[in-house]
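Asks: Please dock the two separately framed chains into a single complex, following the hints provided.
The chain contents come next:
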Amino acid sequence: MSLRSEWTKILAFLFKNLIITKGNIFSLFEILFWPTVGLLSVGLLAKYLQLSPDMMAFILVGVISMSVVQVCQIDIAYVLLYDVWGKCVKHEFIAPINSVHLILGSWLIGIFRSGIILILLVFFSSQAFGFDFLKPGINALIVFLVSLFLTSALVGITVCILVLIFGHKAEVAAWSLVSLMLLVCGIYYPISMLPGPIMAVAKFVPLTYFLEYFRSFYGFSSDLSGFLVKGYGLALVYLGLAWIGLDLVIRNAKRTGILITLSE
Amino acid sequence: MALAVRVRDLWKSFRSGWFWGARNEVLRGIELDIEERRIFGILGPNGAGKTTFLSILSTLLLPDRGQINVLGMNVLKQGNRIRERINISSGNANFLWSLTVRENLTFYAMLYGLGWRDRKKKVDEVIALFELGNHEGTPFDKLSTGMKQRLALAKSMLNNPEILFLDEPTVGLDPQISLKIRDQIREIQQERGITIVLTTHNMAEAEYLCDRIAFLKAGEILTVGTAHELKRSIRLGDIITIDYVGDLYSIRMEQLPGVIDFSLSDGRCQFVVDSATKRMGTILQGLWGAGVSVTEVKTSQTNLEEVFLEFAK
Numbered sequence: 001m002s003l004r005s006e007w008t009k010i011l012a013f014l015f016k017n018l019i020i021t022k023g024n025i026f027s028l029f030e031i032l033f034w035p036t037v038g039l040l041s042v043g044l045l046a047k048y049l050q051l052s053p054d055m056m057a058f059i060l061v062g063v064i065s066m067s068v069v070q071v072c073q074i075d076i077a078y079v080l081l082y083d084v085w086g087k088c089v090k091h092e093f094i095a096p097i098n099s100v101h102l103i104l105g106s107w108l109i110g111i112f113r114s115g116i117i118l119i120l121l122v123f124f125s126s127q128a129f130g131f132d133f134l135k136p137g138i139n140a141l142i143v144f145l146v147s148l149f150l151t152s153a154l155v156g157i158t159v160c161i162l163v164l165i166f167g168h169k170a171e172v173a174a175w176s177l178v179s180l181m182l183l184v185c186g187i188y189y190p191i192s193m194l195p196g197p198i199m200a201v202a203k204f205v206p207l208t209y210f211l212e213y214f215r216s217f218y219g220f221s222s223d224l225s226g227f228l229v230k231g232y233g234l235a236l237v238y239l240g241l242a243w244i245g246l247d248l249v250i251r252n253a254k255r256t257g258i259l260i261t262l263s264e
Numbered sequence: 001m002a003l004a005v006r007v008r009d010l011w012k013s014f015r016s017g018w019f020w021g022a023r024n025e026v027l028r029g030i031e032l033d034i035e036e037r038r039i040f041g042i043l044g045p046n047g048a049g050k051t052t053f054l055s056i057l058s059t060l061l062l063p064d065r066g067q068i069n070v071l072g073m074n075v076l077k078q079g080n081r082i083r084e085r086i087n088i089s090s091g092n093a094n095f096l097w098s099l100t101v102r103e104n105l106t107f108y109a110m111l112y113g114l115g116w117r118d119r120k121k122k123v124d125e126v127i128a129l130f131e132l133g134n135h136e137g138t139p140f141d142k143l144s145t146g147m148k149q150r151l152a153l154a155k156s157m158l159n160n161p162e163i164l165f166l167d168e169p170t171v172g173l174d175p176q177i178s179l180k181i182r183d184q185i186r187e188i189q190q191e192r193g194i195t196i197v198l199t200t201h202n203m204a205e206a207e208y209l210c211d212r213i214a215f216l217k218a219g220e221i222l223t224v225g226t227a228h229e230l231k232r233s234i235r236l237g238d239i240i241t242i243d244y245v246g247d248l249y250s251i252r253m254e255q256l257p258g259v260i261d262f263s264l265s266d267g268r269c270q271f272v273v274d275s276a277t278k279r280m281g282t283i284l285q286g287l288w289g290a291g292v293s294v295t296e297v298k299t300s301q302t303n304l305e306e307v308f309l310e311f312a313k
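Chain order of the listed sequences is A and B. For what it's worth, my numbering labels the leading residue of the first sequence as 1, then goes sequentially. For what it's worth, my numbering labels the leading residue of the second sequence as 1, then goes sequentially.
Just so you know, the hints here were simulated from the structure itself, not pulled from any lab data. Among the hints, erroneous ones may be present.
As the list claims (entries may be wrong) - Taking lysine to aspartate or glutamate pairs in the DMTMM-like style, the calculated list, with each CA pair at most 25 Å apart, reads: (1) B:LYS142 x A:GLU264; (2) A:LYS87 x B:GLU84; (3) A:LYS87 x B:ASP174; (4) B:LYS121 x A:GLU6; (5) B:LYS217 x A:GLU264; (6) A:LYS87 x B:GLU168; (7) A:LYS135 x A:ASP223; (8) B:LYS122 x A:GLU6.
Bound-form chain B, shown alone (with noise of 0.2 Å):
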């Protein structure tokens, strides 16, 4: 597949205060290569600097060094070609003020040369998309959080970009609201076939939307994989628990395929295997097989919180 992001030892600082302050480096030598129509997510803590390298991808900021291909465009000679087919939104959405929903819209799409009939036309499609018609004639500053995070999405959906950054996107929302942007995410992303980079702090958010996650602390990329991948790759799975009754000590569960973790304690054991579904049949025909008898069965799943919280220690 090809690629829509290509980066390679990107380096950005920060010099606090003027010519003499000291320089705060934020990215440290990333390297990341992000596949055309996927999610593709940036998880880390706070001040890891996942801002600053959207902010990179989508020209807002010049790196230090590195090379940064977007659509296969060179981040520093070819920004404003790159501007063309991207776009960006985040959370807790600003614009201007005392201008209505329909306004700021027919200004941005302004800026990206679309004429009258075509500018209306398009404006059109994202107050529609975004269920914005009854708040067209809103200002500003009197449209609800949840309504301000929406119009930065059909904002950002005026020019049909290629590659679409979101920073934060459900960041202060409450959980309905969260709930209903991220499936917009989805079908904005499924029915358009884009490519979606979004940086969250949110688990949940990230194992919902993203194809691939990158975790990203102090400045470096610690791992990259799909959430099952991450969890596996810390030794975090689907747990079992069976409580049984019989003799186990003698037997060698570890053994199993699949099975990453195994515990034993009086009358319960516990596997982490790689995928609860595909692993029960063989785990319970191996206890059956040792003349145990299975009285309970409990699956539970490690959530991607485990993970970020193993990564960001």
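Chain A with its partners taken away, still in its complex shape (with noise of 0.2 Å):
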């Protein structure tokens, strides 16, 4: 076991993410055209209410951040859903490989698709509204990108863990999780307009945190504090239970034959 074929391993999942893309326009619209779609609606719609700019900062900051996680994300769920409508699952599974290849890569050509993404909204809300997405300068950026993709890989395992014990009927999964988010880690709105509960669930959500931190450097005061401890600790304790989870799932799934099931 090299480091070589390890890495080649991982590589192999970016390879199917990107080659099936390329082949698939439908794909691209997914990838390209919703995200813009989504901000320019939500951007011309704050424009004709008048938003201050202020406001539109705050939403702007929200609707990027989504389209990042959203394609991100979808990539980690794409790497089992395409075999499971390919009825192909059992050909990755007969292969040496585990949860970490299936994931690297897959979260690899996520991060990729997904700062294309990221570039174009930026460059879209520039020069539509006005907004300036790199103020919170280079080292807030990353950070808050990183936040990102952390969310993205945890919504994505998720998916995959949901559709290895559901099977089919978890596919909707892959779209619907990013909208609950949307509801709960205030997008939109700042979670004090939530519902008392739904308050409570948001401070265990880390893309709550994350956005609170980047939206700080706009001047919005949150009743929340230590976003990036909190934030970041959160999504690295989930993750590690996500990726023990999905190793769990996939040897349940090997116990219940669902493997199979999904390759016929």
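Replies: Structure below.
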């Protein structure tokens, strides 16, 4: 087991996702079209409502972040969903690979694609609405982007777990989990707007802290504190748990036979 | 000869539905040894547990209990090391639909950690081996069923497996392509000396390919042996039918060596023997010795289908 061969196994999943997208114009739509439409429609709505530049910044930070998370996590979800749709799940699990190869490879391509989307959205938001996404500075931007990529990995792994437990029925999670976060984490509004119990839930979601952190550079105060410690702390704990969960679910899938069922 | 697979007391059940669902036992106390460098067939009716058994051997499924060693390694503890040295190909093969033959093979070669140079060499080799050259740029969903099956076999050779598991490799293929695939399986085994474990419910396939065959029914191995041994075990063998003139009723032909069964009617007698070529001379000599003149001799072989039907009862 050389480091080089392990790296090749990771790159295999990057190759797979990349080559499927290359051959499918609709995948490109999903990655480029919807985030751009989302940004423009929300931005135009905000303009129509004559929101102040501060409020506009609040909303656009949320929209751009959500697009980055959505595009990055969908690549992780797709790494398994493509095989479910192709009824060829077992071919991967007959090979000497593990969850690390599976997740890291797809995460890398997710980061690459969501990076492209980020650049596009930052450019559009600057041109169309005069919004400066780079205002917090390069260090804050890197910290924020890493946090978004960690959040994406968390969501993507959760989708994979659900697919390996519930099969086809869980496909919808690939799109709906992010929407749920949109509701809870304060993408378009501060979490103080949320009813008590949901606000309590929001405090257990890392993205809530990351958004508050980035928005603080635009002058928004928050009831929360220790954004990065709490956000990264929660994200890393959840990621560790999700990874353990994924390994357990793969083992369980070998017990229940769902790997075979998903290949028929 | 060393063992490629050793199975002891293997049990596997599936639950229908969630926690409260009933358990359906699919494999019941399987015990089996498979020697290296042979083609071993697992024969049985639909629902006998063939695919489940193969999936456990190839580490895709975990057993409820039992000791399963593949290439001397425990499937429960050394799954990843086993997977480096085995591969599987199934009938009705499915792959990523929009990837071409070459892209699919490249992806799976990467899963075995093959670097760029080795990968290209290996992919070129299996494309040539399975005559996929004219289709290497064709997306999987545009391939014919036969080509899809060849791609599945090509994929299964990417890591030079020491054991190749084939799950109904010719199911759904027309007879001509089935024959071609069978020949390719045989060639691969002979050239590379690998162990092949295949499931099938096609008797001709089992008889043509397999050195040894196990009959699996309702999750239990009923018998194991060569096709010849299996035919004999249920008193089925080669049949010699002889038309004659004379009196045979006074002669105890069933006592001749190699005769499994003997029947007589006016002017015709029928022997079931272990081997027609081996026993023909003795039988004819016995008849001539008794003063019987032989007018016609016909031989026919029991096919494995009859054995299968006997065991499947």
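Asks: Indicate, hint by hint, whether the structure satisfies it.
Replies: We went through each hint and held it up to the structure:
Pair hint LYS142 of chain B plus GLU264 of chain A holds up; C-alpha atoms about 19 Å apart against a cutoff of 25 Å. Among the hinted pairs, LYS87 of chain A with GLU84 of chain B is consistent with the structure: their alpha-carbon atoms are about 22 Å apart, no more than 25 Å. Using a Cα cut-off of 25 Å, the hinted pair LYS87 of chain A and ASP174 of chain B holds, with the two alpha carbons roughly 23 Å apart. Using a Cα cut-off of 25 Å, the hinted pair LYS121 of chain B and GLU6 of chain A holds, with the two alpha carbons roughly 19 Å apart.
Distance restraint check for LYS217 of chain B and GLU264 of chain A: the Cα-Cα separation of roughly 22 Å lies within the 25 Å cut-off, and the hinted pair is therefore satisfied. Distance restraint check for LYS87 of chain A and GLU168 of chain B: the Cα-Cα separation of roughly 17 Å lies within the 25 Å cut-off, and the hinted pair is therefore satisfied. Among the hinted pairs, LYS135 of chain A with ASP223 of chain A is consistent with the structure: their alpha-carbon atoms are about 22 Å apart, no more than 25 Å. A distance of roughly 18 Å separates the Cα atoms of LYS122 of chain B and GLU6 of chain A; the hinted pair therefore holds under the 25 Å criterion.
The structure agrees with every numbered hint stated previously.
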